[in-house]
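Protein chains: 4
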Amino acid sequence: MVGGGPNAFIGAVHRLAANLDGQIELVAGAFSADAKNSRMTGKQLFLNPRRAYASYAEMAVREAALPADERIDFVAIVTPNFLHAPVATTFLKAGFHVVCDKPMTLTLAEAKALRNTVRKTGKVFALTHNYTGYPMVKEARELVRTGKLGKILKVVAEYPQGWLLDKIEAAGQKQAAWRLDPRRAGASSCVGDIGTHAENLGRYITGLEIESLCAEFTSFIPGRKLEDDANLLLRYRGGAKGVLHCSQISCGEENNLNIRVYGTLGSLAWHQEHPNELKFIPKGEPVRILRRGNGYVSDAAKKFTRLPFGHPEAFIEAFANIYLEAVAAIRASLASKRFTGDFPTVDDGVMGMAFIETAVKSAASNAKWMKFPKL
Amino acid sequence: MVGGGPNAFIGAVHRLAANLDGQIELVAGAFSADAKNSRMTGKQLFLNPRRAYASYAEMAVREAALPADERIDFVAIVTPNFLHAPVATTFLKAGFHVVCDKPMTLTLAEAKALRNTVRKTGKVFALTHNYTGYPMVKEARELVRTGKLGKILKVVAEYPQGWLLDKIEAAGQKQAAWRLDPRRAGASSCVGDIGTHAENLGRYITGLEIESLCAEFTSFIPGRKLEDDANLLLRYRGGAKGVLHCSQISCGEENNLNIRVYGTLGSLAWHQEHPNELKFIPKGEPVRILRRGNGYVSDAAKKFTRLPFGHPEAFIEAFANIYLEAVAAIRASLASKRFTGDFPTVDDGVMGMAFIETAVKSAASNAKWMKFPKL
Amino acid sequence: MVGGGPNAFIGAVHRLAANLDGQIELVAGAFSADAKNSRMTGKQLFLNPRRAYASYAEMAVREAALPADERIDFVAIVTPNFLHAPVATTFLKAGFHVVCDKPMTLTLAEAKALRNTVRKTGKVFALTHNYTGYPMVKEARELVRTGKLGKILKVVAEYPQGWLLDKIEAAGQKQAAWRLDPRRAGASSCVGDIGTHAENLGRYITGLEIESLCAEFTSFIPGRKLEDDANLLLRYRGGAKGVLHCSQISCGEENNLNIRVYGTLGSLAWHQEHPNELKFIPKGEPVRILRRGNGYVSDAAKKFTRLPFGHPEAFIEAFANIYLEAVAAIRASLASKRFTGDFPTVDDGVMGMAFIETAVKSAASNAKWMKFPKL
Amino acid sequence: MVGGGPNAFIGAVHRLAANLDGQIELVAGAFSADAKNSRMTGKQLFLNPRRAYASYAEMAVREAALPADERIDFVAIVTPNFLHAPVATTFLKAGFHVVCDKPMTLTLAEAKALRNTVRKTGKVFALTHNYTGYPMVKEARELVRTGKLGKILKVVAEYPQGWLLDKIEAAGQKQAAWRLDPRRAGASSCVGDIGTHAENLGRYITGLEIESLCAEFTSFIPGRKLEDDANLLLRYRGGAKGVLHCSQISCGEENNLNIRVYGTLGSLAWHQEHPNELKFIPKGEPVRILRRGNGYVSDAAKKFTRLPFGHPEAFIEAFANIYLEAVAAIRASLASKRFTGDFPTVDDGVMGMAFIETAVKSAASNAKWMKFPKL
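Chains A, B, C and D are the protein sequences, given in the same order.
Each residue of the first sequence is one higher than the one before, starting from 1 at the first, in my numbering.
Each residue of the second sequence is one higher than the one before, starting from 1 at the first, in my numbering.
Each residue of the third sequence is one higher than the one before, starting from 1 at the first, in my numbering.
Each residue of the fourth sequence is one higher than the one before, starting from 1 at the first, in my numbering.
Isolated chain A (complex conformation) (with noise of 0.2 Å):
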């Protein structure tokens, strides 16, 4: 692991995720750019402390020298956005898969030669766009893909949370003040940090691509240099229509990332907050909740389903879903075989990036329309 020291929060995500299953184990890590906390960091996840790194360079150069039963299988980036990147890329060279949090880089262009890395080295790259990995999230995309929707018309994907609206970032609170600050973040906070899900979320469930979009940011926030808060209107290529609005500063909205797809034959809806239930109403019948864990739930979610109904599964499940779907392809790859795993990757990651961007020069441009670039 790169990244995830002291107070970090989605390291130890990571980690509680990557625990799970019983399938990985946490052999090294390079935890902080302070050393001392690196080896701290270290000694309370009960490493071998000459595996707790001062810094990632020397991690994937020692670990890279290391027997090939001993090394690690891959590394999981879980810094602020700006070192994605060049860890990734570092990490690919040295021969390791990788695992990355999102959105994949500080801009479009380094996500491209990422991508262009990753071709290259042939390494398996999973990015962490955990959402997509709950259950009922592929129900969704099931319903989709097997026209239980009909043609989509309309998609309105929304993620609130309300965490900015203090100035915490002011008061030293580190996850507020990397993402706020566009040397880490890059150039967008809201939308980087969360609308990116929301996009992602759409995408993955009704395949459409954006063919422009019109986006409004505003930094509610004083002093602040990136957005805290923005509304886009979607064209999606084949005439769907969307809205997607994500916010910081939406007080009382706690994670609440949710989408609705409307078709021609039907509509669903899902929420992350209650995310066991989806709901489907197909054309003149009436409302149904589908729940996890039933008989009547697609194959393509019942994989990724560990409890019986009833048995609320969450946030952790999904982001380990992610993992286990990487890990099998990486343990795939390390016995040359072929895995075409339900993860995101780096092609996600380009789209991702693409997002930002597009919505980040519309913004700049007054909320101008502007096309998304062919990538």
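The hints are simulated quantities; they were obtained by calculation from the structure and are not laboratory data.
For every residue, glycine included, the Cβ atom is placed at its ideal position computed from N, Cα and C.
Careful, some of the hints might be misleading.
Which residues of chain D face chain B? A partial, calculated answer using Cβ under 10 Å [claimed, not checked]: (1) 27; (2) 280; (3) 284; (4) 290; (5) 295.
Quick list of simulated restraints, FRET-style, between CB atoms [as the list claims (entries may be wrong)]: (6) A:239 to C:285: 28 to 38 Å; (7) C:335 to A:239: 31 to 41 Å; (8) C:361 to D:223: 29 to 39 Å; (9) C:225 to D:371: 25 to 35 Å; (10) D:49 to A:170: 49 to 59 Å; (11) C:271 to B:302: 20 to 30 Å; (12) C:146 to D:209: 45 to 55 Å; (13) B:34 to A:239: 36 to 46 Å; (14) C:271 to A:340: 41 to 51 Å; (15) D:371 to C:54: 54 to 64 Å.
Following the hints, complete the assembly by docking chains B, C and D onto the known chain A.
Coordinates of chains B, C and D only, in the frame set by chain A:
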């Protein structure tokens, strides 16, 4: 009553609402452009046959000719949109007060003209933006008014419906047919019919005024001359931002008007399909569900409540609340007293038409941002 | 109307319900035991002063003496329980049809006597077990009737309220005072006032008959002569089992009547506070939410629906549905026609009194099991 | 681990829960009565083959013979009920701490004997009444403890499931087969398997002790020797009353454990299927929804929270919380320190068995009231 003949929807609603409290008696009507239908409806409603008129013009003349204690006190206009202005004008000029359905007119110019007529005649004019009649909407407004939300930052208003997903107007469904016909409905279907309710609701609760907007209209069902779906971004005077989307083709949605308002100190959410509850989240505190009929709700909401808590009230009661206030104003006017009721007026109608026209203009320019006109 | 004077709750509800559809006109009443109060109420309700009577006895005599086309068609009895039987008997014998609030009488013996009077006079007698007037309750009954639930195994009916948690009867709250007074309310408060609604609802939906029951009554608030909380176990003929609990001291509960019915092929759930929805789960299939007003609901439910889907209906409409059916029966009777309406009758009242008396007997024996009497 | 071989449900759950926090490593097991199955499971779990034992007896002996820094610290018992006591006794006497699934034993006598063994050996004994591991259950207990509910008057606990509506035990479903077999499950199926969770949850939150109870058991599916449905009335010491019902044949119910507690000052409600929320209604105030992860929740709940608000936690995390506390106690014991953890102990197991036996006795006497035994 003018309008409300066979197969009419809103006319029947007006009658239920007007009946409810035993304050209003229906004594005359021109229920249909077809004299026979008008008479038949009159009969069904136990009217004196002589007062079931063949036309609204005849009705205005003949009622005005009756002795003061026999003639109608006011007229309720429940026709398709294109008749609102001529009927209202006729009755105002004949000396009657008016309750009129929305949208108020076909055009903004017509709305302003009607405003002049109302001002000149000094009659009461009530516009049935019925959703503002709900007690918990009034409670929402009180929360904003009394500063519980702080400064408003963001408003999300939705009004998805799905009843026009099939081309039922081609099959002769009357409600659909006139709403999609520019001659009878005006320049907009979805925004004119329901988007305007969402706009009115937002304005009623927050008091915010739109500074400019960007509107994307779509006619998803081939052959329609007016839009059946609309997505809007809003900029309010003072810096707040808004998202407003409405739809008539969102499969499975019934009449899902809802609004969320986010301020610096708290947020609120209200859903028309569960109207007895209002969600309020003060910053850093548990979610609060305020429920109609309890001692803790404001006097503004209590005034419009008929039943104890837990005995749900709904659409008709809200509608009847508009009538109760209008009738109180009419009674005051008849007694030459002053009364400032809590009901939508001709000014709300002008505002609504300005909203519709600005949205239509933006949509016609490929969703460019448009300034809201001065009124 | 008899009863329904100043500060009455249910009298006002009856009037709203009777007004709603414009089918019923209130023309006479004995609204209070106090003649002055009765006159005052009559005036407020725009009645002819001569028909605001000083007593129900006077009213029965004087109305009966009026010409047939002037006198009342039926009387609505909305007094405290102890007056139901004498008033109903008086009016039945005077030749009038009766709509009466529940519970029907003070005792089972009195109920049977009233049944005899109804049978002898041949008049229409409707008991306002209003909750069976909800369209989605009728839909629930249809699901059972048409075998969608298979054989019924278990019924859970709840009716928790919290309004008597404080000793408001001591502070002169009239509604509380008579409901907790054995002379005016009968041998039970909680079961008589609301438990009987839960029992009636269960019987209406399932058709099951109670074979025996075990009832635990508690008077939680010191000084009360009647129970303010009751928990019951039920055994139905045919082997089904039931749980029924009701309460007036459950803090925070408003009017939370709800029922769940479990069969071999499916289950259903309905909550009075969200009356437009009915949950139905066919075995092995997704949860279905049936919503009032949709094309897929049964004719039995559609018949009692006024508004399109998504325009919520509520308590008053359900109450008015009882009135509509009773009035249809009265109209048929006046025209010497046959009509079997869907409304609670004197037989339901007898059944309800048997339920109350059996529960009281069980509770008085320290919650021993008691057989349900033959009726 | 003892138990948890192929097709086991709860064994896999224990492993997920134990893995989650990276504090526990599975190093040995007797996973099945079949030695081959045990070895196979050991292999799947990456165990040293020598530590996948053929029997629990062998495991206890051989592990005890290992050097202190190599042998297991504790055993997790996840077998059918009848083995809990013998396995636990064996390992306790061999010097190991124990984590054991519930119900603790087959009989109350056996439970008391096990309690003696635990006391004599001084080892840690944790019983996985996992539902008390949920943070918002701990929050519920805090509300009661800190007087927010006042004096408790009424408790309603439900645990409906529907998975045994079909006679799947006849078709060889292993989970169903042993749970309905008196030899392996004990004298009760429904109450023993799930009713005991509801009882434990109620006791955990309220601290109330049952004084007597009346239990109605039903075997709805023909041929079953144990009940598949149970309805109970409860009397608590101090005057509170309770309703507890549980079922395995309630069609469409999944794992719907839920509880409502009503006091003189407030009430609370919690549903296991939506575990991140706790409803709390202070008398006369709006409903409050307390949500896991917020600053306003008590330290008691915060301690058992891993993720920020809005990132849902669920069943496995709650289960892991029991493990975390048990492991902290074990660690303290190994270090000869004192530690009073928040986890269910052998005393809870004795209480649970007393509850089951009293319910069985009442049911066997045609649902007479039975006193709760002294323990």
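For each hint, the structure was consulted:
1. Interface hint at residue 27 (chain D): violated, since its Cβ lies 44 Å from the closest Cβ of chain B, which is beyond the 10 Å cut-off.
2. For the restraint placing residue 280 (chain D) at the interface with chain B, the shortest Cβ-Cβ distance is roughly 7 Å, inside the 10 Å limit, so the hint holds.
3. Because the beta carbon of residue 284 (chain D) sits about 6 Å from the nearest beta carbon in chain B, less than 10 Å, this interface hint is met.
4. Proximity of residue 290 (chain D) to chain B holds as hinted, the smallest CB-CB distance being about 5 Å (cut-off 10 Å).
5. Checking residue 295 (chain D) against chain B by beta carbon gives a least distance of about 6 Å; that is within 10 Å, so the hint holds.
6. Roughly 34 Å separates the CB atoms of residue 239 (chain A) and residue 285 (chain C), a value that falls within the hinted 28 to 38 Å.
7. Checking the proposed 31 to 41 Å range against residue 335 (chain C) and residue 239 (chain A) shows it is violated: the Cβ atoms sit about 59 Å from each other.
8. For the hinted restraint 29 to 39 Å between residue 361 (chain C) and residue 223 (chain D), the CB-CB distance of approximately 36 Å keeps it satisfied.
9. A beta carbon spacing of about 28 Å between residue 225 (chain C) and residue 371 (chain D) agrees with the range 25 to 35 Å that was offered as a hint.
10. Checked against the hint of 49 to 59 Å, the C-beta distance between residue 49 (chain D) and residue 170 (chain A) comes to roughly 58 Å, which is consistent with it.
11. Remark: the range hint 20 to 30 Å for residue 271 (chain C) to residue 302 (chain B) is upheld by a beta-carbon distance near 24 Å.
12. Roughly 47 Å separates the CB atoms of residue 146 (chain C) and residue 209 (chain D), a value that falls within the hinted 45 to 55 Å.
13. Taking the beta carbon of each, residue 34 (chain B) and residue 239 (chain A) are about 40 Å apart, inside 36 to 46 Å as hinted.
14. The hinted window of 41 to 51 Å between residue 271 (chain C) and residue 340 (chain A) holds, with their beta carbons roughly 46 Å apart.
15. Residue 371 (chain D) and residue 54 (chain C) have their C-beta atoms about 58 Å apart, which keeps the hinted 54 to 64 Å range intact.
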